[in-house]
Amino acid sequence: MTADMTTGGGSSDAAAVALQDIGKSFGETEVLKKVSFQARKGEFLTLLGPSGCGKTTSLRIIAGFEDATSGDVMFGQTSVNDLPPWRRDIGLVFQNYALFPYMTAAENVAFGLKMRRVAKAETATRVKAALAQVGLAGYENRHPRHLSGGQRQRVALARALVIEPKLLLLDEPLSNLDAKLRGEMRYELKNLQRATGVTTIFVTHDQEEAFSLSDRIVLMRSGEVVQYCAPDELWSRPATAFAADFIGVENLIPAQVTAPGQLTCAGGLAVAPTTVGFAQGAEVILGLRASDVAIQPKGGTGLPATILDGEYRGRERLYRLALPGLERPVLASAPSDIAFDGEVTLCLPPEKMMVLHDDR
Amino acid sequence: MTGKRDIPWLLASPGILLVTLVALLPAAILIVKAFQDVDTGALTLENFQAIFDSKIFGQAFWRTLRIAFFVTLVSVIGGYPLALLIARANPRYSLVIFVIVLFPLMVSVVVRTFGWVVILGPAGIVNEALMGIGLISEPLTMTQNEFGIVVGETHLLMPYMVLALLSVLRKLEPQLEEAALSLGANPLVAFFRVILPMTVPGLLSGVLLVFSLAITAFATPLVMGGARTPLLSTLVYRYALTSYDWASAAAVAFVLAVIAVAFVAVQKTVAWMWMSRHEF
Amino acid sequence: MNSDRFLLPAPVEALLWKLGRLLFHVVGLAWQLFMVAPLIIVVVVSFTSASYLMFPPPGYSLDWYREVLSLSWIRSAVTSSLIIATCATLIAVVIGVLASRVLAKRPFRGRGLVEYLVLSPLFLPGVVIGFAIFNVLVMIQMDRVAMPQMIIAHVMITLPFVIRSVWASMAGADISLEEAAQSLGATPAQTFWHVVLKSARPGILAGAILAFTFSFNDVTISIFLTSSRVTTLPVQLVSHIEYNPDPSPAAISTLMIAITLALFVFLARIGGLNAFLER
Ligand SMILES: Nc1ncnc2c1ncn2[C@@H]1O[C@H](COP(=O)(O)OP(=O)(O)OP(=O)(O)O)[C@@H](O)[C@H]1O
Ligand SMILES: [Mg+2]
Numbered sequence: 000m001t002a003d004m005t006t007g008g009g010s011s012d013a014a015a016v017a018l019q020d021i022g023k024s025f026g027e028t029e030v031l032k033k034v035s036f037q038a039r040k041g042e043f044l045t046l047l048g049p050s051g052c053g054k055t056t057s058l059r060i061i062a063g064f065e066d067a068t069s070g071d072v073m074f075g076q077t078s079v080n081d082l083p084p085w086r087r088d089i090g091l092v093f094q095n096y097a098l099f100p101y102m103t104a105a106e107n108v109a110f111g112l113k114m115r116r117v118a119k120a121e122t123a124t125r126v127k128a129a130l131a132q133v134g135l136a137g138y139e140n141r142h143p144r145h146l147s148g149g150q151r152q153r154v155a156l157a158r159a160l161v162i163e164p165k166l167l168l169l170d171e172p173l174s175n176l177d178a179k180l181r182g183e184m185r186y187e188l189k190n191l192q193r194a195t196g197v198t199t200i201f202v203t204h205d206q207e208e209a210f211s212l213s214d215r216i217v218l219m220r221s222g223e224v225v226q227y228c229a230p231d232e233l234w235s236r237p238a239t240a241f242a243a244d245f246i247g248v249e250n251l252i253p254a255q256v257t258a259p260g261q262l263t264c265a266g267g268l269a270v271a272p273t274t275v276g277f278a279q280g281a282e283v284i285l286g287l288r289a290s291d292v293a294i295q296p297k298g299g300t301g302l303p304a305t306i307l308d309g310e311y312r313g314r315e316r317l318y319r320l321a322l323p324g325l326e327r328p329v330l331a332s333a334p335s336d337i338a339f340d341g342e343v344t345l346c347l348p349p350e351k352m353m354v355l356h357d358d359r
Numbered sequence: 000m001t002g003k004r005d006i007p008w009l010l011a012s013p014g015i016l017l018v019t020l021v022a023l024l025p026a027a028i029l030i031v032k033a034f035q036d037v038d039t040g041a042l043t044l045e046n047f048q049a050i051f052d053s054k055i056f057g058q059a060f061w062r063t064l065r066i067a068f069f070v071t072l073v074s075v076i077g078g079y080p081l082a083l084l085i086a087r088a089n090p091r092y093s094l095v096i097f098v099i100v101l102f103p104l105m106v107s108v109v110v111r112t113f114g115w116v117v118i119l120g121p122a123g124i125v126n127e128a129l130m131g132i133g134l135i136s137e138p139l140t141m142t143q144n145e146f147g148i149v150v151g152e153t154h155l156l157m158p159y160m161v162l163a164l165l166s167v168l169r170k171l172e173p174q175l176e177e178a179a180l181s182l183g184a185n186p187l188v189a190f191f192r193v194i195l196p197m198t199v200p201g202l203l204s205g206v207l208l209v210f211s212l213a214i215t216a217f218a219t220p221l222v223m224g225g226a227r228t229p230l231l232s233t234l235v236y237r238y239a240l241t242s243y244d245w246a247s248a249a250a251v252a253f254v255l256a257v258i259a260v261a262f263v264a265v266q267k268t269v270a271w272m273w274m275s276r277h278e279f
Numbered sequence: 000m001n002s003d004r005f006l007l008p009a010p011v012e013a014l015l016w017k018l019g020r021l022l023f024h025v026v027g028l029a030w031q032l033f034m035v036a037p038l039i040i041v042v043v044v045s046f047t048s049a050s051y052l053m054f055p056p057p058g059y060s061l062d063w064y065r066e067v068l069s070l071s072w073i074r075s076a077v078t079s080s081l082i083i084a085t086c087a088t089l090i091a092v093v094i095g096v097l098a099s100r101v102l103a104k105r106p107f108r109g110r111g112l113v114e115y116l117v118l119s120p121l122f123l124p125g126v127v128i129g130f131a132i133f134n135v136l137v138m139i140q141m142d143r144v145a146m147p148q149m150i151i152a153h154v155m156i157t158l159p160f161v162i163r164s165v166w167a168s169m170a171g172a173d174i175s176l177e178e179a180a181q182s183l184g185a186t187p188a189q190t191f192w193h194v195v196l197k198s199a200r201p202g203i204l205a206g207a208i209l210a211f212t213f214s215f216n217d218v219t220i221s222i223f224l225t226s227s228r229v230t231t232l233p234v235q236l237v238s239h240i241e242y243n244p245d246p247s248p249a250a251i252s253t254l255m256i257a258i259t260l261a262l263f264v265f266l267a268r269i270g271g272l273n274a275f276l277e278r
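Residue numbers (numbering that gives the first Met the number 0), protein chains in the order written: chain D, 0 to 359; chain V, 0 to 279; chain W, 0 to 278.
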């Protein structure tokens with residue numbers, strides 16, 4: 000029978016959850032196109048992408064609320080396509096928490112255990128422990144309406160974790176909190192996930208959250224996976240211009256490959272990054288972070304440029320510069336204790352340049 | 000009172016005056032009449048004595064309650080799925096059901112009841128169908144009796160039940176049900192443990208509303224029940240305009256008004272208590 | 000973990016739930032049918048060629064419409080019903096808008112009382128009010144009821160519908176609009192006319208349509224006030240049904256359904272269906 004899953008089977012790096020070529024259409028509109036990714040046991044995986052790219056839909060397919068049009072969802076070695084949500088053993092935290100309003104915090108947390116017919120005494124101790132674990136000891140008898148946003152969030156987490164789920168799914172759980180609380184909860188969430196070791200899939204459109212929490216990131220765009228890798232790799236080697244743009248690479252300059260190791264930017268400027276994998280004549284995007292562009296006083300080695308304006312950003316200053324040979328201004332950042340003005344010299348380091356497919 | 004404070008009362012005064020003169024004052028006069036001797040005008044309980052002694056009043060009284068009970072019951076049984084469908088179906092289908100439920104509300108009660116007279120009548124579709132499959136050999140009598148009145152009034156009042164339920168169902172987040180499912184509850188358990196408890200206020204107000212409207216319904220029992228099955232409301236009409244026994248008519252009207260007002264009071268109190276205790 | 004709490008294998012259980020959902024939809028469809036059946040049947044039967052009420056009709060004709068149009072009372076009943084409903088609606092809208100303004104603006108002492116007073120016709124049984132009005136008319140010897148008495152009674156019936164609809168739309172309006180108008184130099188009267196009434200217009204229209212509908216359809220109170228001088232279409236229909244066990248009432252009913260449908264479509268067009276959802 001495929002119904003019941005085997006736990007702990009396989010080697011330690013076997014996928015706990017895997018999506019295999021998942022496609023999903025609502026009527027005519029294709030929302031997911033052959034999406035594949037997997038989370039190892041105990042891994043913190045993040046689905047990152049702009050609004051409407053299909054993150055929630057993917058999560059709902061994993062949870063069993065939507066049937067995929069094609070493809071398989073695997074828990075370990077078995078397909079769970081036919082398993083209804085209540086048989087999947089998944090902890091789910093919603094953006095709006097979805098606490099049962101007429102139940103106390105303890106009753107909310109106990110709900111999943113009650114469904115599993117856990118004995119009364121055991122339920123009581125587990126509920127107590129779960130609430131204590133999220134820092135809500137003593138709040139057992141409060142109703143959700145008498146809890147703050149952050150506290151509701153914690154109850155929702157406790158309710159999802161107390162059933163010891165195979166998988167924890169979180170859909171933008173932090174987006175309803177104010178900025179300060181969001182930072183705190185992020186930290187606690189990570190600790191909790193480490194302590195329990197539960198495989199977690201987290202949905203967000205905030206790249207900062209994704210970078211700080213994840214073991215791996217699935218970057219999505221209009222129903223497709225653009226890049227699927229560890230955070231540091233996404234940071235240093237975004238796969239396409241879209242990926243670079245999404246994680247905040249400031250300078251994205253259209254260019255053409257003129258010879259191996261030679262690019263000509265729109266406007267005529269020639270640069271020399273590595274162009275492995277691109278044919279001669281290919282239209283590409285040249286990506287460069289503002290922090291990687293060095294500004295020097297006029298006269299050094301480099302390209303002469305003119306500062307258009309500068310924006311104070313606290314520790315550093317972000318400049319817009321006009322560069323002969325480029326149609327659009329270049330962004331560059333420099334420590335804010337030295338203020339540049341007028342004519343300067345720019346250094347564009349070729350080893351920091353990313354040559355990217357233009358998929359925007 | 001200062002001049003500024005007087006304005007609310009001034010603007011509302013035409014409405015207040017109209018309702019007072021055309022509804023409340025006449026009703027008060029009728030109440031007094033119920034307690035007056037027809038000839039001398041002296042205060043008395045004789046009118047009530049008379050109707051309580053009459054067999055027809057007792058029958059009408061219990062019949063009214065019985066019919067209201069069944070009408071409320073069937074309205075819940077039919078209204079809940081309809082409201083649930085309107086709240087959950089895709090927008091287009093939801094609108095279709097909403098229109099199907101609401102439109103009859105605006106159609107004349109006489110027309111709607113007449114429709115049921117045709118359906119349930121001796122040569123109506125129900126009898127034809129039952130005889131067609133050989134379940135019965137003689138047409139069943141389904142009009143001119145309590146069954147017909149229950150059907151007609153249920154059709155009359157079902158929309159109110161649906162609206163009362165919708166007022167709570169529309170505020171219910173679908174995520175609550177999904178949360179229950181993810182925690183291991185199957186759809187039936189999720190319904191009874193999560194959705195049903197949250198719709199209790201709407202259910203309660205719908206039940207009270209439909210029950211009180213069923214007790215006072217007039218045109219449906221008049222058209223459907225004919226003369227054979229009087230209810231309290233049609234009894235008032237019969238005493239007043241057929242047998243010209245205005246003392247009895249006033250007494251029955253008083254009883255009917257007391258029941259109706261008591262129901263409104265209960266409904267308001269329950270709603271108020273619920274609001275103050277369960278504000279979520 | 001606790002997978003033994005499930006009796007059935009997952010695919011079987013999934014199938015059962017699918018069946019259950021299907022059953023639920025079938026039940027929902029059956030109740031929808033229940034809601035539309037009497038209206039559809041009446042319309043179909045009105046085109047019958049038979050001389051008695053049977054369904055399905057043995058053949059179709061317009062005989063019963065011809066029959067209805069030749070009835071002696073039909074023209075006067077339709078005319079007076081239309082006049083009564085129109086006049087009552089116009090008066091109820093004026094009175095109702097004023098009262099709604101009071102109720103919607105700010106809380107004041109006695110607002111609850113005003114609310115209960117103007118909405119009280121909803122809480123009293125129609126027969127009781129009808130009989131009570133008739134009783135008073137007899138007392139003051141005005142019981143040879145003519146149009147004005149009927150209209151006044153209908154204003155009272157329809158007033159609560161107008162007030163609830165207008166009140167809801169006024170309560171939703173932004174009070175800063177009024178303050179903006181006044182800061183621009185509008186007098187209270189100008190503000191009321193240009194700002195308050197404008198923004199409450201959908202509510203007023205919806206209230207008017209509901210008022211017209213319920214006045215046009217009223218039986219309970221009109222039946223007590225009907226006299227040799229004035230009567231209404233639904234009241235005449237009641238007695239017509241009683242004395243004519245033939246399809247002619249179906250023809251009258253179909254005409255009334257058509258009128259209601261026009262009003263309903265208009266109401267839906269102006270977004271007035273939400274008026275039903277307001278408390
Ligand atoms: N039930 C549905 N019917 C039709 N289209 C849907 C449905 N649910 C989602 N969609 C569409 O699918 C696409 C992806 O939706 P989804 O909710 O998965 O996006 P998301 O990545 O979670 O976005 P967000 O960050 O805004 O939450 C959207 O274009 C949405 O309009
Ligand atoms: Mg989403």
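Treat the hints as calculated values from the structure; they're not laboratory data.
Built from N, CA and C at the ideal position, the CB exists for glycine as well.
It cannot be assumed that every hint is accurate.
[What the hints assert, rightly or not] So these bits of chain W aren't anywhere near chain D, every CB distance computed over 10 Å: (1) Met53; (2) Pro57; (3) Val77; (4) Ser79; (5) Leu123; (6) Ala180; (7) Thr190; (8) Arg228; (9) Asp245.
[To be verified] Here are the simulated DSSO-like cross-link-like pairs (lysine-lysine), alpha carbons at most 30 Å apart as the crow flies: (10) Lys267/V - Lys113/D; (11) Lys165/D - Lys104/W; (12) Lys113/D - Lys32/D; (13) Lys17/W - Lys113/D; (14) Lys54/V - Lys104/W.
[Claimed, not checked] Listed below are several chain W residues computed to face chain D (Cβ distance under 10 Å; list not exhaustive): (15) Phe54; (16) Pro56; (17) Glu177.
* Broken hints, by number -> Of the numbered hints given earlier, those the structure breaks are 10, 11, 12, 14, 15, 16 and 17, listed in rising order.
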